[in-house]
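Asker: Please build the complete structure, drawing on both the sequences and the hints.
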Amino acid sequence: MSDIMRPMKFDHLMNWILDEYENQKTIFGIHAFAKTAGAARPIFNEKIETPFGPAAGPNTQLAQNIVASYVTGARFFELKTVQKMDGEELSACVNKPCILASDEGYNCEWSTELTVPQAFDEYVKAWVICHILSRELGLGDADGFVFNMSVGYDLEGIKTPKVDKYINDMKDASETPVFKEAIAWAKANINRFHNVDEAFIDSIPSRISDSITESTLHGCPPDEIERIASYLITEKHLNTFIKCNPTLLGYEYARKTLDSLGFDYIAFDDHHFLEDLQWADAVPMLERLMKLCAEKGVEFGVKLTNTFPVDVTRGELPSEEMYMSGRSLWTLSLSLAKRLSEQFDGKLRISYSGGADYNNIKDLVDTGIWPVTMATTILKPGGYERMTQIAGLFADENTEAFSGVDVAKVSALLESSLKNARYHKEIKPQPDRHVRGALPLTDCFIAPCRDSCPIHQDIPGYLKAVDEGRYADALHIILERNALPFITGTICPHTCTNSCMRNYVDEHVHIRSCKLTAAENGLMEVLPTLASRGVVKDKKVAIIGGGPAGLSAASFLSRAGIEVVVFERTNKLGGIVRHVIPGFRISEEAIDNDVKLCQAYGATFKTGVEVTDVNTLLSEGYTDVVVAIGAWAPGRKTLKSGEALDALEFLEEFKRAPESVNLGTDVVVIGAGNTAMDVARAAKRVAGVQNVRLVYRRTKRYMPADEEELQMAIDDGVEFMELLAPGDLSNNHLTCEVMKLGAPDESGRRRPEGTGEFVTVPATAVITAVGEQIESNLYTTSGIALDEKGRPVVDNNLQTSLAHVYAVGDGRRGPATVVKGIADAMTVAVAIADFNFSSKELSNLEEDVAKIFGKRGQLCGDTDACEQSRCLSCPSVCEACVEVCPNRANVAIKVPGVQQQQIIHVDGMCNECGNCAVFCPYSEGRPYKDKFTAFWSREDFDNSENEGFLPTADGFLVRLDGSTAIYNVDDEACGLPENIRKMIVTVRDSYRYLLNA
Numbered sequence: 001m002s003d004i005m006r007p008m009k010f011d012h013l014m015n016w017i018l019d020e021y022e023n024q025k026t027i028f029g030i031h032a033f034a035k036t037a038g039a040a041r042p043i044f045n046e047k048i049e050t051p052f053g054p055a056a057g058p059n060t061q062l063a064q065n066i067v068a069s070y071v072t073g074a075r076f077f078e079l080k081t082v083q084k085m086d087g088e089e090l091s092a093c094v095n096k097p098c099i100l101a102s103d104e105g106y107n108c109e110w111s112t113e114l115t116v117p118q119a120f121d122e123y124v125k126a127w128v129i130c131h132i133l134s135r136e137l138g139l140g141d142a143d144g145f146v147f148n149m150s151v152g153y154d155l156e157g158i159k160t161p162k163v164d165k166y167i168n169d170m171k172d173a174s175e176t177p178v179f180k181e182a183i184a185w186a187k188a189n190i191n192r193f194h195n196v197d198e199a200f201i202d203s204i205p206s207r208i209s210d211s212i213t214e215s216t217l218h219g220c221p222p223d224e225i226e227r228i229a230s231y232l233i234t235e236k237h238l239n240t241f242i243k244c245n246p247t248l249l250g251y252e253y254a255r256k257t258l259d260s261l262g263f264d265y266i267a268f269d270d271h272h273f274l275e276d277l278q279w280a281d282a283v284p285m286l287e288r289l290m291k292l293c294a295e296k297g298v299e300f301g302v303k304l305t306n307t308f309p310v311d312v313t314r315g316e317l318p319s320e321e322m323y324m325s326g327r328s329l330w331t332l333s334l335s336l337a338k339r340l341s342e343q344f345d346g347k348l349r350i351s352y353s354g355g356a357d358y359n360n361i362k363d364l365v366d367t368g369i370w371p372v373t374m375a376t377t378i379l380k381p382g383g384y385e386r387m388t389q390i391a392g393l394f395a396d397e398n399t400e401a402f403s404g405v406d407v408a409k410v411s412a413l414l415e416s417s418l419k420n421a422r423y424h425k426e427i428k429p430q431p432d433r434h435v436r437g438a439l440p441l442t443d444c445f446i447a448p449c450r451d452s453c454p455i456h457q458d459i460p461g462y463l464k465a466v467d468e469g470r471y472a473d474a475l476h477i478i479l480e481r482n483a484l485p486f487i488t489g490t491i492c493p494h495t496c497t498n499s500c501m502r503n504y505v506d507e508h509v510h511i512r513s514c515k516l517t518a519a520e521n522g523l524m525e526v527l528p529t530l531a532s533r534g535v536v537k538d539k540k541v542a543i544i545g546g547g548p549a550g551l552s553a554a555s556f557l558s559r560a561g562i563e564v565v566v567f568e569r570t571n572k573l574g575g576i577v578r579h580v581i582p583g584f585r586i587s588e589e590a591i592d593n594d595v596k597l598c599q600a601y602g603a604t605f606k607t608g609v610e611v612t613d614v615n616t617l618l619s620e621g622y623t624d625v626v627v628a629i630g631a632w633a634p635g636r637k638t639l640k641s642g643e644a645l646d647a648l649e650f651l652e653e654f655k656r657a658p659e660s661v662n663l664g665t666d667v668v669v670i671g672a673g674n675t676a677m678d679v680a681r682a683a684k685r686v687a688g689v690q691n692v693r694l695v696y697r698r699t700k701r702y703m704p705a706d707e708e709e710l711q712m713a714i715d716d717g718v719e720f721m722e723l724l725a726p727g728d729l730s731n732n733h734l735t736c737e738v739m740k741l742g743a744p745d746e747s748g749r750r751r752p753e754g755t756g757e758f759v760t761v762p763a764t765a766v767i768t769a770v771g772e773q774i775e776s777n778l779y780t781t782s783g784i785a786l787d788e789k790g791r792p793v794v795d796n797n798l799q800t801s802l803a804h805v806y807a808v809g810d811g812r813r814g815p816a817t818v819v820k821g822i823a824d825a826m827t828v829a830v831a832i833a834d835f836n837f838s839s840k841e842l843s844n845l846e847e848d849v850a851k852i853f854g855k856r857g858q859l860c861g862d863t864d865a866c867e868q869s870r871c872l873s874c875p876s877v878c879e880a881c882v883e884v885c886p887n888r889a890n891v892a893i894k895v896p897g898v899q900q901q902q903i904i905h906v907d908g909m910c911n912e913c914g915n916c917a918v919f920c921p922y923s924e925g926r927p928y929k930d931k932f933t934a935f936w937s938r939e940d941f942d943n944s945e946n947e948g949f950l951p952t953a954d955g956f957l958v959r960l961d962g963s964t965a966i967y968n969v970d971d972e973a974c975g976l977p978e979n980i981r982k983m984i985v986t987v988r989d990s991y992r993y994l995l996n997a
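The numbering of the sequence shown is our numbering, which starts it at 1 and goes up by one.
By construction, these hints were calculated from the structure, which means they are not laboratory data. Owing to the predicted nature of the structure, the values given are computational and were not obtained by experimental measurement. We treat Cβ as the ideally placed atom computed from N, Cα and C, and that holds for glycine. There is no bait here: all hints are sound.
Okay, the calculated beta carbon distance ranges per label pair: (1) P658 with D787: 33 to 41 Å; (2) P744 with P658: 37 to 45 Å; (3) G38 with D961: 54 to 62 Å; (4) E321 with N23: 42 to 50 Å; (5) E708 with N23: 41 to 49 Å; (6) Q711 with S411: 27 to 35 Å; (7) Q711 with G315: 22 to 30 Å; (8) S411 with P42: 23 to 31 Å.
Derived pair list, reagent style EDC-like, types lysine to aspartate or glutamate, alpha-carbon separation capped at 20 Å: (9) K700 with E426; (10) K96 with E924; (11) K409 with D363.
Answerer: Shown next as structure tokens:
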């Protein structure tokens, strides 16, 4: 099967490491190494230079995983669990894909998929290699790291010959073939090292590990847990940790805590809480084991926590149950740490794993809780290199042995986690982070932010310019496709940030504010330079409406050299933004600046003029007419009885003369979109208003408003009354039916269903912000066809049924965003003037690739305080699939003559965990299936459907586009596409270690 991992022999591993480092100064794709030589903490009669490392899991399964962790600063390695069921038998029980770490982590795998002997070999190879690299690259003290075994899940299984041999050989590997082979290879290749001599190789200990973590799978009885631990302590003389589960906290506590943090959608019942180890049994058991370890002279502690079992309810993974980890586990694990520390007065040692990362690990270790192991954070973009940054936190650490856990500090850390937004789920479900489409076989690099932007701005280009202080250049890039940088820099919903890869690191890049920075700092330099690109004599365009879409169309068409006249019925340009959006959202100055930019190319603007028939304009010599009239008609009626104010009418009056607005004391807003949030926030600012309540049939989670708009309304004190359907307004009270959420509707939101129960809400005024409509008079008078919703029927160029008449913005689609209005204006500019929107864009490719790699995997603890944008330069260097692969099975190679590196998938190193597919920018992207694949054997080639290649005696066997043949890749006319041929040649000549030959 194609998901079978093929462990590399020691010589293959070493050749790979040495060749890659010599040619690229990387190891398994790792660019940033951590040097930890110096102070170390004593543990198990050994020492660790940093108090952290990878948890037992996908990052400690193969030798290369452990090596990647070591070079990035990990010094405590909890090796993946071994048990009596192993190899093909166990692998058949693991549904694939088995990892989902897009936010909180989930997995449905538990033990090594290798056989126990294979797992042993991997750990020994990694042990020797880490020692060699410590000296060769000066990464740290050769004795400054610890391997910690993990076994499970029953005593009978642990006593089986293969697991028993595993434990014994890990304690002393001196007579094992793999250890002898590794030492012999190192000595035979001593000339390949610069800092390693034969004496050092002889000094590498054959004691791989004398500590162990007992993995207690859910449902393991307490007496069995104690029997296993006692056996490991008394018979195997091992320093022992016991994994404890969050189930010790009790169902009610766990459910209440996750609900309070916004993780109420995570489903689980109480059966694990009833079947797992109980607190009443755990405490005396731990007391007995602490005493036993003291008698036997070995160390004892608990590991907090084992992953938390939850139900698969949304198709997260192809299993019925999965194990939760990451930030959602942080507070639960800390809660258990606090309880145990209080119970044992801080004397019980705690090893930790449960949502630790760069943002919290220093505070955690300062409580006395260490070593700390991680999984979820290093499964995200940046991967192992996230640990390089973490290692920097401990550069000047103390070297004291464990002396106890500070209970007060643990309590304070727990309390802060309950308030810290980092550990709270966002109000609304996360948007889709992917761009649409299949992952290309080659040249897959893309800027997801640009792809998801309605006007496809060169976002990486202007972010780079802003970071470098080139504000005029940045504004020029923005203006190429965006006529309104001040407005969009202030109130754009910035959907571009939904797909920003930085979401997976800390927080999306603040693209909108960077745009505003460019506009504010570049305006005075750029404005005098703006001019049309020529003169078009046979075109004259009239634009009806001076709102965002009309202004944008005027800007683009006049820039193209066309004579443009804009007719605006009010006395000021700006449309909805000018007349409706509250001043606390956007200033008049910002709107004025965009008007100046749109006027700069020569368009004429006539205000106070209303056009009632487009045919009049056509008869006056205008060759084309663009209708941009907005959506000003009142929204649909929502009350069964009683009168409500219209949202736009209220907002317009509030902006024109707020002192004239009288709403009474209690305002109810009906609606849940962005306009409703503006209404509610504006109502809070009206004199005399004491309470503003927003009534909605669903919950906040299903509101259409953007998360940001929703949060601002909450911050302003708007009260959200969820699951209420408005009915009758009478005597200053609004009667509402209580709703419940049923099955999801076609939009994916759970459908509200009436309960027959009714409540009343105080309401001196009700404002409806639901379904604003298009005014159709102009269209009907002009003879323009409308659809069933009263919108103009348009073609792909946005031309209406009347030739040379176009409809753009809210006036053709209904209420939408400013940036979508700009997109419409672009479409019309292309249709009328064949306008090129890329003629002056600057290249966004970064010449200093090393600078880009220096940003990857580096978290920013306070994104507001970061001086630069944190842009990852995705179109220059993506490689997310490389970074997130625990096994390093996706490799970036530099193909001569190709600007960006290409991705090669190495079949033999992949177990199809699926993690790379989670973070691939493409919605249909599965790098482990879709990227060009290097195979190590004909068996694996035949058992896979991947397009890829295999070296043979007669040339390269290649599968491509559904056909398979052998090719002489040195022949440019061999029949392969040139890009594919060059990739194979590059692997053969410069990345030979990718081939198992």
